[in-house]
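> Residue numbers (this note's numbering), protein chains in the order written: chain A, 1 to 367; chain B, 368 to 753.
Treat the hints as calculated values from the structure; they're not laboratory data.
It should be emphasised that the depicted structure is a prediction, and the values quoted were computed from it without experimental measurement.
Treat the hints loosely; a few may be bogus.
[Stated by the list, open to error] Once the Cα atoms are required to be at most 25 angstroms apart in a straight line, the calculated DMTMM-like pairs of lysine to aspartate or glutamate come out as:
(1) LYS620/B with ASP666/B
(2) LYS671/B with ASP656/B
(3) LYS462/B with GLU265/A
(4) LYS551/B with GLU265/A
(5) LYS644/B with ASP166/A
(6) LYS617/B with GLU678/B
(7) LYS633/B with ASP166/A
(8) LYS608/B with ASP259/A
(9) LYS606/B with GLU675/B
(10) LYS31/A with ASP487/B
(11) LYS713/B with ASP166/A
(12) LYS551/B with ASP259/A
(13) LYS535/B with ASP166/A
(14) LYS606/B with ASP259/A
(15) LYS585/B with ASP173/A
(16) LYS535/B with ASP259/A
(17) LYS635/B with ASP173/A
(18) LYS713/B with ASP173/A
(19) LYS573/B with GLU475/B
(20) LYS635/B with GLU719/B
(21) LYS714/B with ASP166/A
(22) LYS551/B with ASP498/B
(23) LYS505/B with GLU595/B
(24) LYS31/A with ASP547/B
(25) LYS697/B with GLU553/B
(26) LYS620/B with ASP656/B
(27) LYS31/A with ASP492/B
(28) LYS691/B with GLU480/B
(29) LYS697/B with ASP721/B
(30) LYS462/B with GLU112/A
(31) LYS505/B with GLU480/B
(32) LYS320/A with GLU494/B
(33) LYS551/B with GLU719/B
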Amino acid sequence: MNKEIVPAGNYISMIILFVFGSSLIMGVTGKSGGSSWIALLLALGLVVPFLMIYARLSVLFPGKDLFDILVAVFGKIGGKILSCLYIWYALHLGSLVLRNFGEFCRTVALTETPMIVPMLFVGLLGISAVKAGIEVMGRTARLLLVFSIFVIIIVQILALPLFNFDFLRPVLDPGWVPILNDTFGAFTFPFAETVLFLGTFRALPEKGSGYKILLSGLLIAGALITFISVRNLLVLGPNALTSLYFPSYVAVSRINVGDFLTRIEGSSAIVFCTSLFIKVSICLYVASTGMSKVFNLKSYRSVVLQMGLIMVYMSDFIFKDIFEMQHFAFETYRYYALPFQVIIPLILWIGAELVIRKKGNRKQKSS
Amino acid sequence: MTQVKRLLSAILSVLILLSISGCWNYTEVEEISIVAGVAIDKEQSSGKILLTAETIDTSGGGGGGDNQASSTISSLAGDTMFDIVRSMITMTGNKLFWSHAKIIIISEEVAKEGVLRVIDWYSRDTETRSDVHMFITKEKRARDILNLNKTKNTILSFELDEMMQHEKYVSTAPVSDIWDFFDKLESPGQHSIAPLVYINERDNRKTERISGCAIFEKDKMVGTLIGEETKYMLFVNNKIKGGILPVNDKKGKPAYSLEIFSNKTKIKPVWVNGKLKIQISTETKTGLDEVMTPNGFPDFEKKKEIEELAEQQMQNNMLAVIHKVQKKYKSDIFGFGANVHMNMPKKWNNMEKDWDKIFPELQVVVEPKVIIETSAKTTRSIKSGD
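The shape of chain B in the complex, shown without the other chains (with noise of 0.2 angstroms):
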């Protein structure tokens, strides 16, 4: 009888562990295909969604001991966007892999239709992950920012996304994933923003290259925002967390350079004689790091003088960024509704159903303060010697 028992515990034994070892859906790396980033496109014979995956080749350099790694394109139309991922697989033969994708570039043709169609399979899928950089592009195909992987021999979609992290010493472009997307989609008071990719082409080299960003209202696509405005636009969100502020002398020439260590925005509706204002005060520090003047600041005193001229331009350049996404765009994309229903939760029912009419009357007031901490390591502008 013992004998049995133990023969039995063995037995079991042995299958426990073939089965605890984790082997039972084991996928080796090179029968998956790992998507780096996608470009969608409407195909133009049939209206249908066009997908392009860059996919990590993981076959290995070889030889060499570069290990230089590149990508495959291979793109597939279909009428939804699972469907057509799943037929990736007659291409690739591997089913793709989707943990490791950091973008998605859509053409400026199907934003303007509505993203929602496109991305929310990504967002509800639990393949993929939703902290994926979202961009628009103006380029006729999203895929074409895709295909220049072949003359760069890079990962494009990995290059695009470093672009993205470091994208905090420019400013002028939004930083946001899918998650930020669909959360403004579904804020009442609140618009979305997107990034802008593009080729760059000087002297036949291609790059591609980030700068400006799309407005949306809902999840259709109605403007965009060149770099320089859209810093301003970070500007009044206080999404601003490093950059560039130019500034010109007093004749309008560009003269100096500020750096921007922080900046702090506060949005603050009031209400005066029976209508919504609201009130943007943004505090910003900063720290001079170029003079391109020889009188431009000849000792600390000029500090002053060139922090007011920092004002005034920032106040115009943010008011004109304003009024323009006001009267043309009428996109709330500054989330002012949200920040009125924050505020005044009982006016903002009464509005809620017309915000849209009402965003574009608003009247805002900027009132910007820039501080100059530091002058980096000179204390005055050059003297050019008699």
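So that you can see chain A by itself, here it is in the shape it has in the complex (with noise of 0.2 angstroms):
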């Protein structure tokens, strides 16, 4: 049995890069115009407790995974039910932000090739991390981060010249109703997502040190996303933030310093492949783990090159153009991810604080 252990540090690098995925570059708010950074500090709050809950999991199963826990709680059926919806969940979102990706390339980068070859490519490089573990992926995930980090801030230090304060006045001009819709949106996307690293829970350092590195993890990644979507919304105003589907990539092309450095796009689109890559590994580790664990395989590793070239080819088949990708991301996705980010944890955390305070009064009466 090999365990494999990710550091603390490794396993936060692994969430923030995740969380940035694709919202860094597709937005993460649509309607709230001036208002987006008051949804986004909501849905930050609104998440917290839901980390608790998935923290909690890790306390009562330690050393086990989304599946395990799925199994103990609900038998072996239905727990084998609900693994099967997760994998799902976890094959679809690495379609979903392959898919962004493309779309992206497509858009602005690589408009003459084919939207599935930039998919491919990451998609093989998620396989070839996967296989390589998860440990490694946090190594990977340490060192782009922090390049990552590097690069956001070089670029907001540069768009400071842009920055149009007016644009914050007045608060709250779209009214609550946007706003909290917007909260719902950021809450299902990008935030409440990591509820996929339930599946890589075995990793976890130590008994307890979930709730750290969750919470750690999301709070660095949503102030770094405020941040972001705070400059977006200053050197852009909120009106032509609503019409464009990459707001980040138009704000970097904004800058101009002393028409010397200019078109530095690129660099917000590196930003956006390192965090990306990340979270397709993940999204194609927690569906591989789940595989292995519905079929009772020896290792996950069997399955991650299919599990991969499936969720290639789903990213091209699954919607026809853009258009649908942008409704579904920004008007579809929240309710359809509510059940697994919210609904099924909830039930599962409630069975399993019942599952282990039975098996703790049966140790209780025999001992």
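From these two lone chains plus the hints, build me the complex, please.
Below you can see the structure in the form of structure tokens.
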């Protein structure tokens, strides 16, 4: 039994990059315009209790991951059915993220290259990373995170002269309804997507470290995303922001330092690529582990390649065009993701508490 | 077995080597036509869009060593912008390359019908960049301005771009790119402006010149301001970064020049007796750099007087421009509406629909403050010796 352990720092890096994923380039909020930062902060606050639930599960079942817990709580059949649902969710999420990347490439960077090519390359990279194991992914994430944050900070400083703080006023201009709407959107995409990390809890360094790791990872990522969203808002203004597919990219393209340092939008694409790579790898890892658990395979490594290729191919046919992708990401996804992120974990948590308690009672009786 | 593996990996490496060198869509610089700027007219006979592009000659000067840059002009008419842009290949032989384009000149005729239909492609497409300057011209044909390159032997678009970059020392035309234009178009309570360019002819020598601005309502041009008026409009908009403030003496004769170091304008909407009132206050730091009369500046005590003169004249000029725009063009290019939106969001919700009617009737108060910080090298005006 090879037990892989990811140190806390690497684990946090993985979470940060995972949350960055496609949200960084797609933008997080749609309708709230000048008050999007409020929506983001609310979503961040809203997601904290759920993170506590996820982390609590890791305390109740140390050394086990989502699929073990599902089976332990719901029995063999019920657990496996729910496991299948989560495998689908992980696989589908990976495809969505890959598709975001594909559309991004087709729209701005490689307009004449077929979309499947960049998606395939990231997919293959993800496959090799997952095959190498989650420890390697953690170390990679650590390295890439340093680089990403460096780029983000540099771009942030260069964008400073473009800031127009008038765009922030008046506060609460669109009213509460769009803001709460966006809060809901930002909660499901990207913050509560961290539910997938339940599938990697086997690699948590020690008992009880889940709280610290999940919370600090998410709060750092949330702060940076808020930072970047506010930057986009201050550079582009609330009106233009809503009309763009990739606001970060356009915001960075506006940077012009003395007619010398211009056209650095490629840098924002680099951050996108690195975080996307980690997100796809995590999704693939979780889907493969789930698969191996459901079918009692010796190791998840034997299904990684197949799952990865399915993921890449699915990302190609999942949407007809960019309009469908946009609509799904900002309208449908929030309802679709709710059971995976909120409902099932809630039931799982309650069930888990009951199961543990019963076990505890039995132990007390027998002793 | 190991030999097969080795062979396979060798073949694979060679294949990868070919594909990662990035030569897949490699384009030589001679195979693209680099666009420096475009002019958009309406073709008289058919009513179609007529696009004129100035492309840089990449063939190189060849001999002589003096590497004079030159450009070619080509025009084509069509129904949509993108259609024309692609059809240009049939004239130039190459695909147009847009990343280095600096300017768009739009004729008055097209601008009055609405510029959205000709520049939407420009902001939407990924080949183009939205940081190009948009000009309006009152000349009959916008392409005449690009055609000046024949007599001047330069790349005209780049020249115009340079003028825009140094416009901050003059402040008689707004500096904006099409991104700003679209941003203002979409913002409520605000209308766009664009700089004017025209051909300056003296002694049979023609040059292009930027001065003044065109006023838009939504995307349709409704009028123009001359350079002098534009300067005071920019004062209201807080866009002044430099330039000269000429001041008349008490008799109304030009007597002083103040160089503007910095300017700060604050617009504050207030609610007085159930009516909206806009309060504008400016603070301009200047240096006295020219005194045209012998007794104009005998010593520094005169400073106060010059400041007051300047303030008085600035107030008159700014109010004149505001009133002209209010009464004649009825287009809120000063962003008063956006300012009300920012400071009184609740009141704005009631006014937003009727803003076009409210704006011409708005009461505006201007309080300029001019500060003279230096008088350059000399302490007093030059005395004429008896």
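> Please go over all the hints and tell whether each is borne out by the structure.
Okay, the hints, checked on the actual structure:
1. The hinted pair formed by LYS620/B and ASP666/B meets the criterion: a straight-line CA distance of about 20 angstroms does not exceed 25 angstroms.
2. Among the hinted pairs, LYS671/B with ASP656/B is consistent with the structure: their alpha-carbon atoms are about 15 angstroms apart, no more than 25 angstroms.
3. Under the criterion of a C-alpha separation no larger than 25 angstroms, the hint pairing LYS462/B with GLU265/A is consistent with the structure, at around 23 angstroms.
4. For a cut-off of 25 angstroms, the pair hint linking LYS551/B to GLU265/A stands: about 24 angstroms separates their Cα positions.
5. Between LYS644/B and ASP166/A the CA atoms are separated by roughly 20 angstroms; this keeps the pair inside 25 angstroms, and the hint holds.
6. Between LYS617/B and GLU678/B, the direct Cα distance comes to roughly 13 angstroms. Compliance with the 25 angstroms bound is thereby established for this hinted pair.
7. Between LYS633/B and ASP166/A the alpha-carbon distance is near 13 angstroms, which keeps this suggested pair within the 25 angstroms criterion.
8. At roughly 18 angstroms between alpha-carbon atoms, LYS608/B and ASP259/A fall within 25 angstroms of each other, so this suggested pair holds.
9. A threshold of 25 angstroms between alpha carbons decides the hint, and for LYS606/B with GLU675/B the separation of about 23 angstroms falls inside it, so the pair holds.
10. For the proposed pair LYS31/A and ASP487/B, the alpha carbon gap of about 22 angstroms is at most 25 angstroms, so the pair holds.
11. Proximity of LYS713/B to ASP166/A is assessed by CA-CA distance (about 17 angstroms); at most 25 angstroms being required, the pair is judged to hold.
12. Restraint check for LYS551/B and ASP259/A: the C-alpha separation of about 24 angstroms stays at or below 25 angstroms, so the hint holds.
13. Only pairs whose Cα atoms come within 25 angstroms are accepted, and LYS535/B paired with ASP166/A is accepted, the gap being roughly 22 angstroms.
14. Proximity of LYS606/B to ASP259/A is assessed by CA-CA distance (about 19 angstroms); at most 25 angstroms being required, the pair is judged to hold.
15. For the suggested pair LYS585/B and ASP173/A, the alpha carbons sit about 22 angstroms apart, so the restraint of at most 25 angstroms is met.
16. A distance of roughly 15 angstroms separates the Cα atoms of LYS535/B and ASP259/A; the hinted pair therefore holds under the 25 angstroms criterion.
17. Restraint check for LYS635/B and ASP173/A: satisfied, since their Cα atoms lie roughly 19 angstroms apart, inside the 25 angstroms limit.
18. For the given pair, LYS713/B sits about 9 angstroms from ASP173/A by alpha-carbon distance, which is consistent with the 25 angstroms threshold.
19. Proposed proximity of LYS573/B and GLU475/B is supported: the alpha carbons are some 20 angstroms apart, at most 25 angstroms.
20. Between the alpha carbons of LYS635/B and GLU719/B the distance comes to roughly 17 angstroms, so the proposed pair stays at or under 25 angstroms and holds.
21. A distance of roughly 18 angstroms separates the Cα atoms of LYS714/B and ASP166/A; the hinted pair therefore holds under the 25 angstroms criterion.
22. The suggested pairing of LYS551/B with ASP498/B holds, with an alpha-carbon distance near 15 angstroms, which does not exceed 25 angstroms.
23. The hinted pair formed by LYS505/B and GLU595/B meets the criterion: a straight-line CA distance of about 17 angstroms does not exceed 25 angstroms.
24. Simply put, LYS31/A and ASP547/B have alpha-carbon atoms about 21 angstroms apart, close enough for the 25 angstroms limit, and the pair holds.
25. For a cut-off of 25 angstroms, the pair hint linking LYS697/B to GLU553/B stands: about 18 angstroms separates their Cα positions.
26. The suggested pairing of LYS620/B with ASP656/B holds, with an alpha-carbon distance near 17 angstroms, which does not exceed 25 angstroms.
27. For the proposed pair LYS31/A and ASP492/B, the alpha carbon gap of about 24 angstroms is at most 25 angstroms, so the pair holds.
28. At most 25 angstroms may separate the alpha-carbon atoms for a hinted pair to count; LYS691/B and GLU480/B meet this at roughly 22 angstroms.
29. Among the hinted pairs, LYS697/B with ASP721/B is consistent with the structure: their alpha-carbon atoms are about 12 angstroms apart, no more than 25 angstroms.
30. Restraint check for LYS462/B and GLU112/A: satisfied, since their Cα atoms lie roughly 14 angstroms apart, inside the 25 angstroms limit.
31. Only pairs whose Cα atoms come within 25 angstroms are accepted, and LYS505/B paired with GLU480/B is accepted, the gap being roughly 14 angstroms.
32. The straight-line distance between the Cα atoms of LYS320/A and GLU494/B is roughly 24 angstroms, inside the 25 angstroms bound, and the hint therefore holds.
33. A hinted pair counts as satisfied when its Cα atoms are at most 25 angstroms apart, and LYS551/B with GLU719/B qualifies at roughly 15 angstroms.
The structure fails none of the hints (numbered hints given earlier).
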